[in-house]
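4 protein chains.
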Amino acid sequence: MSMKRDPESLNAVAELRDALRQFAADRDWEQFHSPKNLAIALSVEAAELLEHFQWLNDASSAQLPPEKLALVREELADVLLYLIRLADKLGLDLLVAAGDKLEKNALKYPVAKARGSSKKYTEL
Amino acid sequence: MSMKRDPESLNAVAELRDALRQFAADRDWEQFHSPKNLAIALSVEAAELLEHFQWLNDASSAQLPPEKLALVREELADVLLYLIRLADKLGLDLLVAAGDKLEKNALKYPVAKARGSSKKYTEL
Amino acid sequence: MSMKRDPESLNAVAELRDALRQFAADRDWEQFHSPKNLAIALSVEAAELLEHFQWLNDASSAQLPPEKLALVREELADVLLYLIRLADKLGLDLLVAAGDKLEKNALKYPVAKARGSSKKYTEL
Amino acid sequence: MSMKRDPESLNAVAELRDALRQFAADRDWEQFHSPKNLAIALSVEAAELLEHFQWLNDASSAQLPPEKLALVREELADVLLYLIRLADKLGLDLLVAAGDKLEKNALKYPVAKARGSSKKYTEL
Chain W
0 MSMKRDPESL
10 NAVAELRDAL
20 RQFAADRDWE
30 QFHSPKNLAI
40 ALSVEAAELL
50 EHFQWLNDAS
60 SAQLPPEKLA
70 LVREELADVL
80 LYLIRLADKL
90 GLDLLVAAGD
100 KLEKNALKYP
110 VAKARGSSKK
120 YTEL
Chain C
0 MSMKRDPESL
10 NAVAELRDAL
20 RQFAADRDWE
30 QFHSPKNLAI
40 ALSVEAAELL
50 EHFQWLNDAS
60 SAQLPPEKLA
70 LVREELADVL
80 LYLIRLADKL
90 GLDLLVAAGD
100 KLEKNALKYP
110 VAKARGSSKK
120 YTEL
Chain E
0 MSMKRDPESL
10 NAVAELRDAL
20 RQFAADRDWE
30 QFHSPKNLAI
40 ALSVEAAELL
50 EHFQWLNDAS
60 SAQLPPEKLA
70 LVREELADVL
80 LYLIRLADKL
90 GLDLLVAAGD
100 KLEKNALKYP
110 VAKARGSSKK
120 YTEL
Chain A
0 MSMKRDPESL
10 NAVAELRDAL
20 RQFAADRDWE
30 QFHSPKNLAI
40 ALSVEAAELL
50 EHFQWLNDAS
60 SAQLPPEKLA
70 LVREELADVL
80 LYLIRLADKL
90 GLDLLVAAGD
100 KLEKNALKYP
110 VAKARGSSKK
120 YTEL
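Protein chains in written order, with numbering that gives the first Met the number 0: chain W, 0 to 123; chain C, 0 to 123; chain E, 0 to 123; chain A, 0 to 123.
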């Protein structure tokens with residue numbers, strides 16, 4: 000498999016999506032990639048990511064030693080790969096969806112009301 | 000907040016990252032965004048996504064009715080937004096990490112060995 | 000459905016197990032209760048539980064206001080109910096399994112080595 | 000640590016709770032056991048349990064080979080142990096909470112309405 004990805008390119012996410020399609024096709028793994036199974040896999044990977052932080056305090060979680068950061072980086076990557084794959088199987092454009100959601104959040108939490116109010120935040 | 004996102008642009012993920020930085024700064028929410036808390040939020044969103052699929056069979060999970068698909072689309076977006084935010088707080092380039100991981104997976108599961116072997120797959 | 004549970008009784012967990020069997024049979028829900036689906040449901044409920052704590056600091060998480068504690072109590076209950084149900088479908092005795100695991104943990108983390116070592120703990 | 004647990008006894012869950020208290024005290028691990036951290040650990044363990052089922056179909060998930068069932072049994076145990084510990088730290092009686100929730104569910108899903116309606120079920 001040649002990936003020729005280029006994060007600086009026009010469409011790095013689209014390239015990852017295409018590479019993942021090829022990856023599954025080459026291995027005859029389409030049969031396992033129902034949206035349900037991909038949603039499970041995504042959730043499991045997110046928990047593996049969380050596991051690295053589970054006994055740390057907030058400050059330590061921002062100062063991971065290099066070898067732990069490398070492991071966390073791989074888990075972040077796994078989450079993104081399953082997320083791209085799941086969106087693809089559902090026919091959704093992940094980046095447009097994220098942009099739309101961010102706009103919705105901006106309306107839901109207006110700066111004037113949300114600012115400096117941790118109490119508000121805890122009720123999200 | 001003006002987002003001016005453009006999924007077709009050079010760097011849609013970088014634009015989302017910058018918009019999320021601004022979003023948190025505007026609301027004074029940086030204080031809540033430790034990597035630990037963001038990893039929790041990511042995991043919770045991934046579970047909310049999974050919840051939509053939990054009682055469906057595989058076939059049904061690929062044919063969601065429009066109103067359910069719209070909800071799933073928002074959850075996918077939430078996962079991506081927290082993922083971008085977490086990577087940013089850790090100083091990691093999410094797309095490069097995903098490309099690297101995909102290459103690693105290609106070496107781990109060579110086509111010749113993985114192909115057609117569901118048994119192999121279940122041992123991932 | 001008459002539950003007649005008695006937490007002080009000889010076998011409160013077994014009574015819950017039996018009540019859950021009846022609950023599913025009465026509603027013809029056995030068809031949905033594959034171990035796979037129950038494991039998903041358990042994971043989703045655990046995330047709903049976690050959601051209540053996600054933006055709190057450690058101290059606040061130990062001093063939940065009464066109305067929040069009531070919600071957390073229901074999520075804890077949901078997790079236990081799915082756990083009992085899943086163990087039942089797999090033919091496992093949950094309490095014996097937990098006792099065995101605790102003994103195994105005692106061997107894995109001897110007091111003399113584990114004591115006072117937070118570093119050790121973070122490597123669990 | 001002597002556990003002397005007896006699943007047939009009056010109060011197996013209370014015995015596990017007490018053993019877990021002693022376990023943490025012996026190792027000076029109380030400092031890590033905030034409800035927030037325990038809720039994270041519970042969620043991570045639930046995902047590790049789910050991981051065993053993620054690529055299986057429903058039928059296979061009910062027929063695990065013995066070596067896999069043994070691993071699943073340990074994950075089930077971990078979930079229960081963290082659940083008991085978390086309930087204890089929050090001052091909640093887990094069994095009473097579960098009984099109450101089951102009664103509430105019985106009211107929420109009356110047999111006459113829920114029976115034979117998979118559609119209803121998917122809207123839980």
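It should be emphasised that the hints constitute simulated quantities derived from the structure, not laboratory data. From a predicted model like this one, the values you see are computed outputs, not experimental measurements. Even for Gly, the Cβ is constructed at its ideal location relative to N, Cα and C. Be aware that a few hints might be false.
Said to hold, decoys possible - With the Cβ distance kept under 8 Å, some of the chain C side facing chain W (calculated, not the full set):
(1) D77
(2) L94
(3) K100
Said to hold, decoys possible - Partial pick of chain W residues on the chain C-facing surface, computed with a CB cut under 8 Å:
(4) S42
(5) P64
(6) P65
(7) E73
Structure-based check of all given hints:
Using the Cβ-Cβ criterion of 8 Å, the hint placing D77(C) at the interface with chain W is satisfied: the shortest such distance is roughly 6 Å. Annotation: L94(C) was flagged as interfacial toward chain W, and the flag holds, the nearest CB pair being 4 Å apart, inside 8 Å. A least Cβ separation of about 4 Å between K100(C) and chain W falls short of the 8 Å threshold, and the interface hint therefore holds. Given hint, S42(W) at the interface with chain C, holds; its Cβ is 4 Å from that chain's nearest Cβ, closer than 8 Å.
Hint on P64(W) is violated. Least Cβ distance to chain C is approximately 12 Å, over the 8 Å limit. The beta carbon of P65(W) comes no nearer than 11 Å to any beta carbon in chain C, farther than 8 Å, and the hint placing it at the interface is violated. Look at E73(W): its Cβ gets to within about 6 Å of chain C, closer than 8 Å, so that hint holds up.
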